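Number 430 marks the last residue of the sequence shown (our numbering); no jumps.
Since the hints were derived computationally from the structure, they do not count as laboratory data. Note that the structure is a prediction, hence the values are computed from the model and not measured. Even glycine gets a Cβ: it sits at the ideal position worked out from N, Cα and C. Any given hint could be a false lead.
[To be verified] Calculated pairs, DSS-like style, for lysine-lysine (alpha carbon to alpha carbon, straight line, at most 25 Å):
{"id": "1", "residue 1": "Lys339", "residue 2": "Lys414"}
{"id": "2", "residue 1": "Lys190", "residue 2": "Lys201"}
{"id": "3", "residue 1": "Lys283", "residue 2": "Lys295"}
{"id": "4", "residue 1": "Lys414", "residue 2": "Lys190"}
{"id": "5", "residue 1": "Lys201", "residue 2": "Lys295"}
[To be verified] Simulated restraints on C-beta separations:
{"id": "6", "residue 1": "Gly146", "residue 2": "Met319", "range": "36 to 46 Å"}
{"id": "7", "residue 1": "Gly394", "residue 2": "Pro43", "range": "43 to 53 Å"}
{"id": "8", "residue 1": "Gly394", "residue 2": "Glu47", "range": "45 to 55 Å"}
{"id": "9", "residue 1": "Asp59", "residue 2": "Gln337", "range": "50 to 60 Å"}
{"id": "10", "residue 1": "Glu291", "residue 2": "Gln337", "range": "31 to 41 Å"}
{"id": "11", "residue 1": "His109", "residue 2": "Asp59", "range": "15 to 25 Å"}
{"id": "12", "residue 1": "Val259", "residue 2": "Lys120", "range": "52 to 62 Å"}
{"id": "13", "residue 1": "Leu230", "residue 2": "Thr119", "range": "56 to 66 Å"}
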Amino acid sequence: MLIAYVVVALVQCGVMLIAAYWSALFLESLRIRPHAGARAYPFFEEEILPRMNIDERDGVRRYAMLKQSALIVLALDCALITGGAQLTIESVLEALLIAFCALALFGHIVPAILIARTKGHWALGLVGVARMLAWSVQPLLLLTGFANSVVELGGDEESEHRNGNGTDDIEVFLDVGEEEGFIGVEDRKLIQSVVEFGDKTVREVMTARPEIVGIDASSSVEDLRGLLLEEEYSRVPVFEGSIDRVIGFVRSRDVLEVDNEKRSTMRARDLVRPVTLVPETKPIRELMPELQQKNAQMAIVIDEYGQTAGLVTMEDMMEEIVGEIRDESEPDHDVQEKPDGSYIASGNLDLDRLAELVNFTPDDEIESTTVGGMVCEHLGQVPDPGARVRLDGIDIEVLSADDRRVRSVCIRKVDPPVEKEPQLGEAED
2 MLIAYVVVAL VQCGVMLIAA YWSALFLESL RIRPHAGARA YPFFEEEILP RMNIDERDGV
62 RRYAMLKQSA LIVLALDCAL ITGGAQLTIE SVLEALLIAF CALALFGHIV PAILIARTKG
122 HWALGLVGVA RMLAWSVQPL LLLTGFANSV VELGGDEESE HRNGNGTDDI EVFLDVGEEE
182 GFIGVEDRKL IQSVVEFGDK TVREVMTARP EIVGIDASSS VEDLRGLLLE EEYSRVPVFE
242 GSIDRVIGFV RSRDVLEVDN EKRSTMRARD LVRPVTLVPE TKPIRELMPE LQQKNAQMAI
302 VIDEYGQTAG LVTMEDMMEE IVGEIRDESE PDHDVQEKPD GSYIASGNLD LDRLAELVNF
362 TPDDEIESTT VGGMVCEHLG QVPDPGARVR LDGIDIEVLS ADDRRVRSVC IRKVDPPVEK
422 EPQLGEAED
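Starting from the given sequences, assemble the full structure and let the hints guide the process.
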């Protein structure tokens, strides 16, 4: 009988090894970016996975259940080996210790070594056994599915509440994915950026009206060329009379193709291309595919009165997902870090960029999208240079401003105020 128990224990160790190995590879297939150290994964993906006829998520679930089942059977078998038919506390503790060591060895260490050090060709001969073991836990999966259905009975109201808050569900998914290992830190940031991208409007990402660099339609191509060389833009909007009457835009490529002798006589309106006009409340998730369909890179943003509110480009929208995009000829003018850890920034610094710098999250009541706008909103006026605002662990000092807006600020991280605790024995009036 003892020999039979030992054989069962060895079999369960083998089952645990197969389950852990296959579970890890199925989990690797769910990663957004497979782990570079998983040498066995390419062969698994090309040769083994097509022969398994099991979905990746289903495979993770089945082999995780198989590993747990093998561990339970192994623990019971070890208890019978150490204590015989009459179980004691000592025999149970010994069995748990043996099971723990087996789990560490066959459930983690050996599979990790096999995945990292081998290409996995040896596993091809075990595909049939692995598939049979995966389907052997079908009764347990049905039982757990039935139990989950029973638990969810009568929970319609709570389920509807959870379904109504998709952001919370995504956060839970990201937390679980990061714990399980198939979502990395950078992947999490990217997914969160995509989720937040869907909630943003054009007003939140546009270049504001005062920052627009444009040219009058009556200007010569020579003047237009000088503006493009000075500002280093590939496109500039063209207006008639004022920025509120934008008639289109001009590409730098079109300007460079004009002959030298025609630059002084030819006008900017002669090179104008049509531009898309969009309201500032339009979601950028709708604007981006529209611009892609039109093969356009720029749109003029108008407010509710039909006046120009700003300008938005495809690059502005892409930066909401992947972060700030700069080339080698575009230095970071918006932010300069000082040796003391503070930042000198433009008043037009986006609040999302501020969150990246100092981990600051503005209140939901704040309607502004820039640091300068937030300072003005908090003070109720355009402040003079030297004015300071302290908000949730940061101190913002206005360095320069005019009668219309804040131009530059100094941002410092500060410790939140500590509430003074009443001393013992202090009498209350």
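Verification of the hints:
The straight-line distance between the Cα atoms of Lys339 and Lys414 is roughly 12 Å, inside the 25 Å bound, and the hint therefore holds. A distance of roughly 16 Å separates the Cα atoms of Lys190 and Lys201; the hinted pair therefore holds under the 25 Å criterion. Between Lys283 and Lys295 the CA atoms are separated by roughly 17 Å; this keeps the pair inside 25 Å, and the hint holds. Distance hint between Lys414 and Lys190 is fulfilled; the C-alpha atoms sit about 23 Å from each other, no more than 25 Å.
A threshold of 25 Å between alpha carbons decides the hint, and for Lys201 with Lys295 the separation of about 21 Å falls inside it, so the pair holds. At about 42 Å, the CB distance of Gly146 to Met319 agrees with the hint of 36 to 46 Å. The beta-carbon spacing between Gly394 and Pro43, approximately 47 Å, falls within the hinted interval of 43 to 53 Å. At roughly 51 Å, the beta carbons of Gly394 and Glu47 sit within the given window of 45 to 55 Å.
For the hinted restraint 50 to 60 Å between Asp59 and Gln337, the CB-CB distance of approximately 52 Å keeps it satisfied. Separated by about 36 Å at the C-beta atoms, Glu291 and Gln337 satisfy the suggested range of 31 to 41 Å. Restraint check, His109 to Asp59: a C-beta distance of roughly 22 Å satisfies the suggested window 15 to 25 Å. Evaluation of the 52 to 62 Å hint for Val259 and Lys120 yields a pass: the beta carbon distance comes to about 60 Å.
Between Leu230 and Thr119, the C-beta spacing of about 59 Å keeps the proposed range 56 to 66 Å intact.
Violated hints for the displayed structure: none, as all numbered hints are satisfied.
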